[in-house]
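Whenever a hint applies, use it, and build me the whole structure from the sequences.
With the working numbering as the guide, the letters of the sequence shown map in order to residues 2 to 457.
Derived by calculation from the structure, the hints in this document are not laboratory data. Don't take each hint at face value.
Said to hold, decoys possible - Across the chosen pairs, the derived CB separations fall in these ranges:
| hint | residue 1 | residue 2 | range |
| --- | --- | --- | --- |
| 1 | 266 | 136 | 42 to 48 Å |
| 2 | 348 | 322 | 16 to 22 Å |
| 3 | 142 | 289 | 45 to 51 Å |
| 4 | 322 | 394 | 44 to 50 Å |
Beta carbons: idealized from backbone N, C-alpha and C, even for Gly.
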Amino acid sequence: MYLFLALRCLASSIIRVLVLVMLLIPLVPSSGVVVSALRFRDTSFSLSHLRSRWSGFLPRLSALLEPKPLPEFPLEGGRGAAPYAPNPIPGDHRRPLEHGKPLLPRLQPRRPPSRRAKATLPNTWIIQRIFEGESFFNGWNFATYPDPTHGQVVYVSEDWAFSSGMAYVNSANQAVMQVDHWSTLTQGQARNSIRIESQQIFNKGLFILDVEQAPWGCGVWPAWWTVGPNWPQGGEIDIVEGVHDNVHNQIAFHTEDGCNLVAPAPGATADQNSTGWIQSTDCYAYANSNSGCQTVDPSQASYGTEFNVLKGGIFAMMWADDGIRVWFFHRAAIPADILANAPQPNNWGTPTAYLGGTACDTNKFFYNHSIIFDITFCGDWAGTSYISSGCPGTCSDRIIDPTNFANASWTINSLQVYQSPQVHSGDVSNRQRVYGSIWKSLIMTGTVFTFLHLFN
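Quick look at the structure:
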(Lines of atoms letter the chains of each structure in order from A and count residues from 1; the text may use other names and numbers.)
(Lines give C-alpha, C1' and ligand atoms only; values in the text may rest on other atoms or scores of the structure.)
Protein backbone atom coordinates (compact mmCIF):
# COMPACT_ATOMS: atom_id res chain seq x y z
CA MET A 1 0.00 0.00 0.00
CA TYR A 2 2.74 2.46 0.98
CA LEU A 3 4.73 1.56 -2.12
CA PHE A 4 1.68 2.26 -4.28
CA LEU A 5 1.13 5.65 -2.65
CA ALA A 6 4.80 6.55 -3.11
CA LEU A 7 4.74 5.62 -6.78
CA ARG A 8 1.51 7.57 -7.24
CA CYS A 9 3.04 10.70 -5.67
CA LEU A 10 6.18 10.33 -7.80
CA ALA A 11 4.14 9.96 -11.00
CA SER A 12 2.02 12.97 -10.07
CA SER A 13 5.13 15.10 -9.51
CA ILE A 14 6.65 14.03 -12.83
CA ILE A 15 3.43 14.87 -14.69
CA ARG A 16 3.26 18.29 -13.00
CA VAL A 17 6.84 19.05 -14.00
CA LEU A 18 6.23 17.99 -17.60
CA VAL A 19 3.11 20.15 -17.81
CA LEU A 20 5.04 23.13 -16.45
CA VAL A 21 7.81 22.61 -18.98
CA MET A 22 5.29 22.48 -21.83
CA LEU A 23 3.69 25.71 -20.62
CA LEU A 24 6.92 27.62 -20.07
CA ILE A 25 9.08 26.62 -23.05
CA PRO A 26 7.12 28.75 -25.59
CA LEU A 27 7.36 31.78 -23.30
CA VAL A 28 11.08 31.78 -22.50
CA PRO A 29 13.97 32.36 -24.93
CA SER A 30 16.45 29.58 -25.54
CA SER A 31 18.74 30.98 -22.85
CA GLY A 32 15.88 31.16 -20.31
CA VAL A 33 15.28 29.27 -17.10
CA VAL A 34 13.44 26.23 -18.46
CA VAL A 35 16.00 25.47 -21.14
CA SER A 36 18.80 25.85 -18.62
CA ALA A 37 16.97 23.55 -16.22
CA LEU A 38 16.78 20.88 -18.90
CA ARG A 39 20.50 20.90 -19.62
CA PHE A 40 21.26 18.12 -17.13
CA ARG A 41 24.66 17.55 -18.70
CA ASP A 42 25.64 21.11 -17.77
CA THR A 43 27.93 20.68 -14.72
CA SER A 44 27.18 24.23 -13.58
CA PHE A 45 23.49 23.41 -13.04
CA SER A 46 22.28 23.81 -9.45
CA LEU A 47 19.09 24.70 -7.61
CA SER A 48 20.43 28.10 -6.55
CA HIS A 49 21.37 28.83 -10.16
CA LEU A 50 17.87 27.86 -11.25
CA ARG A 51 16.26 30.15 -8.66
CA SER A 52 18.48 33.07 -9.70
CA ARG A 53 17.53 32.57 -13.35
CA TRP A 54 13.85 32.34 -12.30
CA SER A 55 14.06 35.66 -10.45
CA GLY A 56 15.25 37.24 -13.68
CA PHE A 57 12.38 35.69 -15.60
CA LEU A 58 9.64 37.10 -13.33
CA PRO A 59 9.99 40.73 -14.58
CA ARG A 60 9.76 39.48 -18.17
CA LEU A 61 6.69 37.46 -17.24
CA SER A 62 5.10 40.55 -15.66
CA ALA A 63 5.75 42.59 -18.81
CA LEU A 64 4.30 39.81 -20.93
CA LEU A 65 1.04 39.84 -18.95
CA GLU A 66 0.75 43.62 -19.01
CA PRO A 67 -2.35 44.63 -21.07
CA LYS A 68 -1.67 46.07 -24.53
CA PRO A 69 -3.88 48.62 -26.35
CA LEU A 70 -6.27 47.06 -28.88
CA PRO A 71 -6.09 48.14 -32.54
CA GLU A 72 -8.86 50.40 -33.75
CA PHE A 73 -9.51 48.41 -36.91
CA PRO A 74 -9.65 44.62 -37.29
CA LEU A 75 -7.46 42.69 -39.67
CA GLU A 76 -8.92 42.35 -43.01
CA GLY A 77 -10.90 39.33 -44.11
CA GLY A 78 -9.78 36.97 -41.34
CA ARG A 79 -6.69 35.95 -43.35
CA GLY A 80 -4.25 37.74 -41.20
CA ALA A 81 -3.57 40.55 -43.68
CA ALA A 82 -2.66 43.93 -42.26
CA PRO A 83 -5.17 46.74 -42.70
CA TYR A 84 -4.72 48.51 -46.01
CA ALA A 85 -2.60 51.66 -45.95
CA PRO A 86 -3.00 53.56 -49.21
CA ASN A 87 0.20 54.65 -50.90
CA PRO A 88 0.31 57.17 -53.72
CA ILE A 89 1.04 55.54 -57.04
CA PRO A 90 4.20 56.97 -58.62
CA GLY A 91 3.86 58.64 -61.97
CA ASP A 92 0.42 60.07 -61.30
CA HIS A 93 -0.51 62.18 -64.33
CA ARG A 94 -4.22 62.53 -63.61
CA ARG A 95 -5.68 65.90 -64.53
CA PRO A 96 -9.23 67.20 -64.91
CA LEU A 97 -10.28 67.29 -68.56
CA GLU A 98 -14.05 67.58 -68.24
CA HIS A 99 -16.40 69.92 -66.43
CA GLY A 100 -19.81 69.47 -64.93
CA LYS A 101 -21.61 68.94 -61.66
CA PRO A 102 -23.45 65.86 -60.40
CA LEU A 103 -27.21 66.28 -60.33
CA LEU A 104 -27.60 64.46 -57.01
CA PRO A 105 -25.38 64.27 -53.91
CA ARG A 106 -22.61 61.71 -54.02
CA LEU A 107 -21.58 59.43 -51.22
CA GLN A 108 -19.40 61.19 -48.69
CA PRO A 109 -16.48 59.71 -46.74
CA ARG A 110 -17.49 58.24 -43.41
CA ARG A 111 -15.50 58.45 -40.20
CA PRO A 112 -14.72 55.12 -38.55
CA PRO A 113 -17.57 54.21 -36.16
CA SER A 114 -16.89 54.53 -32.47
CA ARG A 115 -16.93 51.55 -30.11
CA ARG A 116 -20.11 52.90 -28.52
CA ALA A 117 -21.76 52.98 -31.95
CA LYS A 118 -20.75 49.39 -32.53
CA ALA A 119 -22.36 48.36 -29.25
CA THR A 120 -25.65 50.19 -29.82
CA LEU A 121 -25.86 49.41 -33.56
CA PRO A 122 -24.74 45.77 -33.89
CA ASN A 123 -25.73 45.64 -37.58
CA THR A 124 -23.61 48.64 -38.57
CA TRP A 125 -21.03 47.68 -41.17
CA ILE A 126 -17.46 48.82 -40.61
CA ILE A 127 -15.92 50.89 -43.41
CA GLN A 128 -12.71 49.27 -44.67
CA ARG A 129 -11.77 51.13 -47.85
CA ILE A 130 -13.07 54.10 -49.85
CA PHE A 131 -12.11 54.74 -53.47
CA GLU A 132 -13.27 58.19 -54.58
CA GLY A 133 -12.16 61.55 -55.92
CA GLU A 134 -8.45 62.29 -56.23
CA SER A 135 -7.60 59.12 -54.28
CA PHE A 136 -9.78 56.82 -56.37
CA PHE A 137 -6.89 55.53 -58.48
CA ASN A 138 -4.67 54.81 -55.46
CA GLY A 139 -4.42 51.10 -54.80
CA TRP A 140 -4.92 49.77 -58.35
CA ASN A 141 -2.72 48.08 -60.91
CA PHE A 142 -3.22 48.94 -64.58
CA ALA A 143 -3.14 45.66 -66.49
CA THR A 144 -1.18 45.63 -69.75
CA TYR A 145 -1.32 41.93 -70.63
CA PRO A 146 -3.43 40.48 -73.49
CA ASP A 147 -7.16 40.35 -72.86
CA PRO A 148 -8.09 36.92 -71.37
CA THR A 149 -11.45 37.11 -73.18
CA HIS A 150 -9.76 37.56 -76.58
CA GLY A 151 -11.08 41.04 -77.21
CA GLN A 152 -9.83 43.34 -79.97
CA VAL A 153 -8.28 45.59 -77.34
CA VAL A 154 -4.98 46.88 -75.96
CA TYR A 155 -4.94 47.62 -72.23
CA VAL A 156 -2.70 50.64 -71.62
CA SER A 157 -0.35 51.38 -68.74
CA GLU A 158 -1.06 53.80 -65.93
CA ASP A 159 1.21 56.48 -67.38
CA TRP A 160 -0.39 56.15 -70.81
CA ALA A 161 -3.90 56.23 -69.36
CA PHE A 162 -3.38 59.49 -67.46
CA SER A 163 -1.23 61.26 -70.05
CA SER A 164 -3.69 60.48 -72.86
CA GLY A 165 -6.79 61.44 -70.88
CA MET A 166 -8.20 57.92 -70.72
CA ALA A 167 -8.15 58.06 -66.91
CA TYR A 168 -8.60 61.19 -64.78
CA VAL A 169 -10.64 62.83 -62.03
CA ASN A 170 -12.98 65.52 -63.34
CA SER A 171 -13.91 68.83 -61.74
CA ALA A 172 -16.92 67.18 -60.06
CA ASN A 173 -14.48 64.88 -58.22
CA GLN A 174 -15.62 61.85 -60.21
CA ALA A 175 -13.23 59.17 -61.44
CA VAL A 176 -13.42 58.68 -65.20
CA MET A 177 -12.12 55.72 -67.21
CA GLN A 178 -12.75 55.75 -70.94
CA VAL A 179 -11.54 54.09 -74.11
CA ASP A 180 -9.70 55.83 -76.92
CA HIS A 181 -12.57 57.40 -78.86
CA TRP A 182 -10.47 59.81 -80.95
CA SER A 183 -8.12 57.56 -82.96
CA THR A 184 -9.16 56.12 -86.33
CA LEU A 185 -7.79 52.59 -86.72
CA THR A 186 -7.05 50.27 -89.61
CA GLN A 187 -8.86 47.00 -90.27
CA GLY A 188 -8.02 44.46 -87.54
CA GLN A 189 -6.20 46.96 -85.32
CA ALA A 190 -7.00 46.81 -81.59
CA ARG A 191 -8.40 49.84 -79.74
CA ASN A 192 -6.85 51.19 -76.54
CA SER A 193 -8.77 50.71 -73.32
CA ILE A 194 -8.35 50.35 -69.54
CA ARG A 195 -8.37 47.43 -67.13
CA ILE A 196 -7.59 48.10 -63.44
CA GLU A 197 -7.23 45.50 -60.69
CA SER A 198 -7.19 46.19 -56.95
CA GLN A 199 -3.92 45.66 -55.14
CA GLN A 200 -5.81 44.63 -52.03
CA ILE A 201 -7.33 41.16 -51.73
CA PHE A 202 -10.81 40.78 -50.25
CA ASN A 203 -12.64 37.96 -48.49
CA LYS A 204 -16.31 38.69 -47.84
CA GLY A 205 -17.67 42.16 -47.20
CA LEU A 206 -20.14 44.69 -48.58
CA PHE A 207 -19.11 46.39 -51.84
CA ILE A 208 -21.09 49.52 -52.82
CA LEU A 209 -20.45 51.17 -56.19
CA ASP A 210 -21.97 54.59 -56.90
CA VAL A 211 -21.68 54.98 -60.66
CA GLU A 212 -23.19 57.80 -62.72
CA GLN A 213 -22.25 56.50 -66.16
CA ALA A 214 -21.34 53.01 -67.35
CA PRO A 215 -20.02 51.95 -70.80
CA TRP A 216 -22.37 50.66 -73.50
CA GLY A 217 -22.61 50.42 -77.29
CA CYS A 218 -22.28 47.96 -80.15
CA GLY A 219 -19.13 45.88 -79.77
CA VAL A 220 -18.51 47.16 -76.21
CA TRP A 221 -18.20 44.71 -73.30
CA PRO A 222 -17.65 46.40 -69.90
CA ALA A 223 -17.69 44.79 -66.46
CA TRP A 224 -17.25 45.49 -62.76
CA TRP A 225 -16.37 42.19 -61.14
CA THR A 226 -14.28 40.33 -58.58
CA VAL A 227 -12.20 37.21 -59.14
CA GLY A 228 -10.06 34.71 -57.24
CA PRO A 229 -6.33 34.02 -57.67
CA ASN A 230 -6.36 31.00 -60.00
CA TRP A 231 -9.53 31.04 -62.07
CA PRO A 232 -11.85 29.23 -61.78
CA GLN A 233 -10.46 28.35 -58.35
CA GLY A 234 -11.57 31.07 -55.97
CA GLY A 235 -14.56 31.91 -58.15
CA GLU A 236 -15.70 34.96 -60.11
CA ILE A 237 -18.54 37.40 -59.32
CA ASP A 238 -19.76 39.55 -62.23
CA ILE A 239 -21.74 42.37 -60.61
CA VAL A 240 -22.12 44.73 -63.58
CA GLU A 241 -21.79 43.28 -67.08
CA GLY A 242 -23.37 43.59 -70.49
CA VAL A 243 -22.73 43.94 -74.21
CA HIS A 244 -23.90 46.07 -77.14
CA ASP A 245 -27.16 47.98 -76.66
CA ASN A 246 -28.50 45.77 -73.87
CA VAL A 247 -30.76 47.44 -71.32
CA HIS A 248 -30.62 44.71 -68.64
CA ASN A 249 -27.61 44.17 -66.38
CA GLN A 250 -26.47 40.57 -66.17
CA ILE A 251 -25.10 39.13 -62.91
CA ALA A 252 -23.11 35.90 -63.16
CA PHE A 253 -21.05 33.55 -61.00
CA HIS A 254 -18.27 31.29 -62.29
CA THR A 255 -16.83 28.52 -60.09
CA GLU A 256 -15.31 25.09 -60.00
CA ASP A 257 -17.69 22.16 -60.41
CA GLY A 258 -20.26 21.70 -57.63
CA CYS A 259 -21.89 25.13 -57.24
CA ASN A 260 -25.39 25.96 -58.49
CA LEU A 261 -28.08 28.60 -58.33
CA VAL A 262 -31.38 27.48 -56.83
CA ALA A 263 -33.62 26.62 -59.77
CA PRO A 264 -36.93 28.50 -59.91
CA ALA A 265 -40.22 26.66 -59.62
CA PRO A 266 -41.84 25.51 -62.89
CA GLY A 267 -43.28 28.48 -64.73
CA ALA A 268 -41.33 31.00 -62.61
CA THR A 269 -38.36 33.11 -63.67
CA ALA A 270 -36.83 33.54 -60.19
CA ASP A 271 -36.71 31.74 -56.85
CA GLN A 272 -37.91 33.15 -53.54
CA ASN A 273 -34.43 34.45 -52.70
CA SER A 274 -34.05 36.83 -55.67
CA THR A 275 -36.06 39.02 -58.02
CA GLY A 276 -33.92 38.58 -61.12
CA TRP A 277 -34.57 36.31 -64.09
CA ILE A 278 -32.48 33.17 -63.70
CA GLN A 279 -31.01 32.18 -67.07
CA SER A 280 -28.83 29.22 -66.05
CA THR A 281 -28.15 27.44 -62.77
CA ASP A 282 -24.83 25.60 -63.26
CA CYS A 283 -21.97 27.86 -62.12
CA TYR A 284 -19.21 25.51 -63.32
CA ALA A 285 -16.86 27.58 -65.46
CA TYR A 286 -16.35 24.87 -68.07
CA ALA A 287 -20.04 24.12 -68.58
CA ASN A 288 -22.29 25.91 -71.07
CA SER A 289 -19.41 27.68 -72.85
CA ASN A 290 -18.35 29.43 -69.63
CA SER A 291 -21.62 31.31 -69.27
CA GLY A 292 -21.70 30.56 -65.55
CA CYS A 293 -24.93 30.75 -63.57
CA GLN A 294 -26.70 33.92 -64.65
CA THR A 295 -29.36 36.23 -63.29
CA VAL A 296 -30.70 39.13 -65.38
CA ASP A 297 -31.96 42.32 -63.73
CA PRO A 298 -35.61 42.91 -64.77
CA SER A 299 -35.07 46.70 -64.84
CA GLN A 300 -34.70 48.09 -68.36
CA ALA A 301 -32.56 50.88 -66.94
CA SER A 302 -30.00 48.71 -65.13
CA TYR A 303 -27.64 48.89 -68.14
CA GLY A 304 -27.16 50.91 -71.30
CA THR A 305 -28.48 54.24 -72.47
CA GLU A 306 -31.41 54.53 -70.02
CA PHE A 307 -29.10 53.78 -67.12
CA ASN A 308 -26.94 56.75 -68.07
CA VAL A 309 -29.91 59.03 -68.80
CA LEU A 310 -31.15 58.44 -65.24
CA LYS A 311 -27.67 59.23 -63.87
CA GLY A 312 -26.91 55.65 -62.92
CA GLY A 313 -27.33 54.43 -59.40
CA ILE A 314 -25.98 52.04 -56.79
CA PHE A 315 -24.79 48.48 -57.31
CA ALA A 316 -24.24 46.63 -54.03
CA MET A 317 -22.76 43.17 -53.54
CA MET A 318 -22.86 41.54 -50.10
CA TRP A 319 -20.56 38.56 -49.71
CA ALA A 320 -21.27 36.83 -46.38
CA ASP A 321 -21.04 33.39 -44.79
CA ASP A 322 -24.55 32.46 -45.92
CA GLY A 323 -24.10 33.48 -49.56
CA ILE A 324 -23.64 36.29 -52.07
CA ARG A 325 -26.34 38.87 -52.86
CA VAL A 326 -26.48 41.66 -55.43
CA TRP A 327 -28.82 44.69 -55.44
CA PHE A 328 -29.34 47.58 -57.84
CA PHE A 329 -30.94 50.92 -56.90
CA HIS A 330 -31.77 53.68 -59.37
CA ARG A 331 -30.44 57.12 -58.50
CA ALA A 332 -33.87 58.28 -57.30
CA ALA A 333 -34.40 55.18 -55.15
CA ILE A 334 -31.13 54.83 -53.25
CA PRO A 335 -31.83 53.77 -49.63
CA ALA A 336 -31.27 56.47 -47.03
CA ASP A 337 -28.86 54.28 -45.06
CA ILE A 338 -26.53 54.07 -48.08
CA LEU A 339 -26.61 57.85 -48.55
CA ALA A 340 -25.85 58.19 -44.82
CA ASN A 341 -22.86 55.84 -45.18
CA ALA A 342 -24.47 53.44 -42.70
CA PRO A 343 -25.67 50.59 -44.95
CA GLN A 344 -28.26 48.15 -43.59
CA PRO A 345 -28.66 45.37 -46.19
CA ASN A 346 -31.29 43.67 -44.04
CA ASN A 347 -33.60 46.58 -44.90
CA TRP A 348 -33.07 46.51 -48.67
CA GLY A 349 -35.54 43.78 -49.50
CA THR A 350 -35.01 40.78 -51.75
CA PRO A 351 -31.83 41.08 -53.82
CA THR A 352 -31.71 40.92 -57.59
CA ALA A 353 -29.42 37.87 -57.44
CA TYR A 354 -28.57 35.37 -54.72
CA LEU A 355 -26.13 32.47 -54.62
CA GLY A 356 -25.78 30.25 -51.56
CA GLY A 357 -27.64 27.82 -49.34
CA THR A 358 -27.45 24.10 -49.91
CA ALA A 359 -26.99 24.55 -53.66
CA CYS A 360 -23.59 26.24 -53.28
CA ASP A 361 -21.19 26.55 -50.36
CA THR A 362 -19.84 30.01 -51.16
CA ASN A 363 -17.24 29.71 -48.37
CA LYS A 364 -15.68 26.87 -50.36
CA PHE A 365 -15.94 28.27 -53.88
CA PHE A 366 -15.12 31.98 -53.33
CA TYR A 367 -11.99 33.42 -51.71
CA ASN A 368 -9.12 35.92 -52.13
CA HIS A 369 -10.78 38.24 -54.64
CA SER A 370 -9.41 41.24 -56.51
CA ILE A 371 -11.78 43.95 -57.75
CA ILE A 372 -11.65 44.68 -61.49
CA PHE A 373 -13.03 47.37 -63.81
CA ASP A 374 -12.53 46.89 -67.53
CA ILE A 375 -13.85 47.75 -70.99
CA THR A 376 -13.10 45.37 -73.85
CA PHE A 377 -14.39 44.98 -77.40
CA CYS A 378 -15.76 42.00 -79.33
CA GLY A 379 -14.10 38.90 -77.88
CA ASP A 380 -15.73 35.78 -76.46
CA TRP A 381 -19.11 37.38 -75.72
CA ALA A 382 -19.48 40.68 -77.59
CA GLY A 383 -17.86 39.16 -80.67
CA THR A 384 -19.84 35.93 -80.84
CA SER A 385 -23.16 37.68 -80.14
CA TYR A 386 -22.59 40.65 -82.46
CA ILE A 387 -24.52 39.38 -85.49
CA SER A 388 -27.61 38.42 -83.47
CA SER A 389 -27.57 41.71 -81.53
CA GLY A 390 -28.84 43.83 -84.42
CA CYS A 391 -25.67 45.93 -84.52
CA PRO A 392 -24.51 47.01 -88.01
CA GLY A 393 -21.69 45.38 -89.97
CA THR A 394 -19.15 43.23 -88.17
CA CYS A 395 -17.62 43.73 -84.75
CA SER A 396 -14.13 44.09 -86.19
CA ASP A 397 -15.31 46.78 -88.61
CA ARG A 398 -17.00 48.58 -85.73
CA ILE A 399 -13.66 49.05 -83.97
CA ILE A 400 -12.24 51.27 -86.74
CA ASP A 401 -14.39 54.38 -86.22
CA PRO A 402 -13.67 56.17 -82.90
CA THR A 403 -17.04 57.95 -82.84
CA ASN A 404 -18.69 54.59 -82.16
CA PHE A 405 -17.24 54.63 -78.65
CA ALA A 406 -18.18 58.02 -77.24
CA ASN A 407 -20.32 56.23 -74.63
CA ALA A 408 -17.69 53.67 -73.64
CA SER A 409 -16.65 55.19 -70.31
CA TRP A 410 -17.06 54.81 -66.57
CA THR A 411 -17.93 57.86 -64.44
CA ILE A 412 -17.72 56.79 -60.82
CA ASN A 413 -18.62 58.75 -57.70
CA SER A 414 -17.22 56.20 -55.25
CA LEU A 415 -16.58 52.59 -54.41
CA GLN A 416 -16.90 51.72 -50.72
CA VAL A 417 -15.93 48.43 -49.11
CA TYR A 418 -17.31 47.50 -45.68
CA GLN A 419 -16.48 44.71 -43.25
CA SER A 420 -19.13 42.39 -41.84
CA PRO A 421 -20.36 43.19 -38.31
CA GLN A 422 -20.77 39.46 -37.68
CA VAL A 423 -17.05 38.96 -38.16
CA HIS A 424 -15.86 42.13 -36.42
CA SER A 425 -18.41 42.88 -33.69
CA GLY A 426 -16.69 45.64 -31.71
CA ASP A 427 -17.35 45.31 -27.99
CA VAL A 428 -18.14 41.60 -28.20
CA SER A 429 -14.69 40.78 -29.58
CA ASN A 430 -13.16 43.19 -27.05
CA ARG A 431 -14.79 41.30 -24.17
CA GLN A 432 -13.52 38.02 -25.57
CA ARG A 433 -9.99 39.42 -25.69
CA VAL A 434 -10.27 40.74 -22.13
CA TYR A 435 -11.56 37.39 -20.82
CA GLY A 436 -8.77 35.63 -22.68
CA SER A 437 -6.19 37.90 -21.04
CA ILE A 438 -7.67 37.19 -17.60
CA TRP A 439 -7.48 33.44 -18.15
CA LYS A 440 -3.87 33.72 -19.33
CA SER A 441 -3.00 35.73 -16.22
CA LEU A 442 -4.62 33.14 -13.92
CA ILE A 443 -2.84 30.26 -15.64
CA MET A 444 0.55 31.96 -15.51
CA THR A 445 0.08 32.95 -11.84
CA GLY A 446 -0.77 29.36 -10.92
CA THR A 447 2.23 28.16 -12.92
CA VAL A 448 4.58 30.47 -11.02
CA PHE A 449 3.40 29.37 -7.56
CA THR A 450 3.40 25.67 -8.51
CA PHE A 451 6.91 25.92 -9.96
CA LEU A 452 8.27 27.61 -6.82
CA HIS A 453 6.51 25.05 -4.60
CA LEU A 454 8.14 22.14 -6.43
CA PHE A 455 11.67 23.45 -5.85
CA ASN A 456 11.30 24.65 -2.22
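Worksheet item: For the pair residue 348 and residue 322, does the Cβ-Cβ distance stay inside 16 to 22 Å?
Response: 19 Å, holds
Fill in: 44 to 50 Å as the expected CB spacing between residue 394 and residue 322, which holds or is violated
Cβ of residue 322 to Cβ of residue 394: about 49 Å, so the range 44 to 50 Å holds.
Item to complete: Using the beta carbons of residue 266 and residue 136, state whether their distance is inside 42 to 48 Å or not.
Response: 47 Å, holds
Fill in: residue 142 versus residue 289 beta-carbon gap, inside 45 to 51 Å or not
31 Å, violated
Violated hint for the displayed structure: number 3, the only one.
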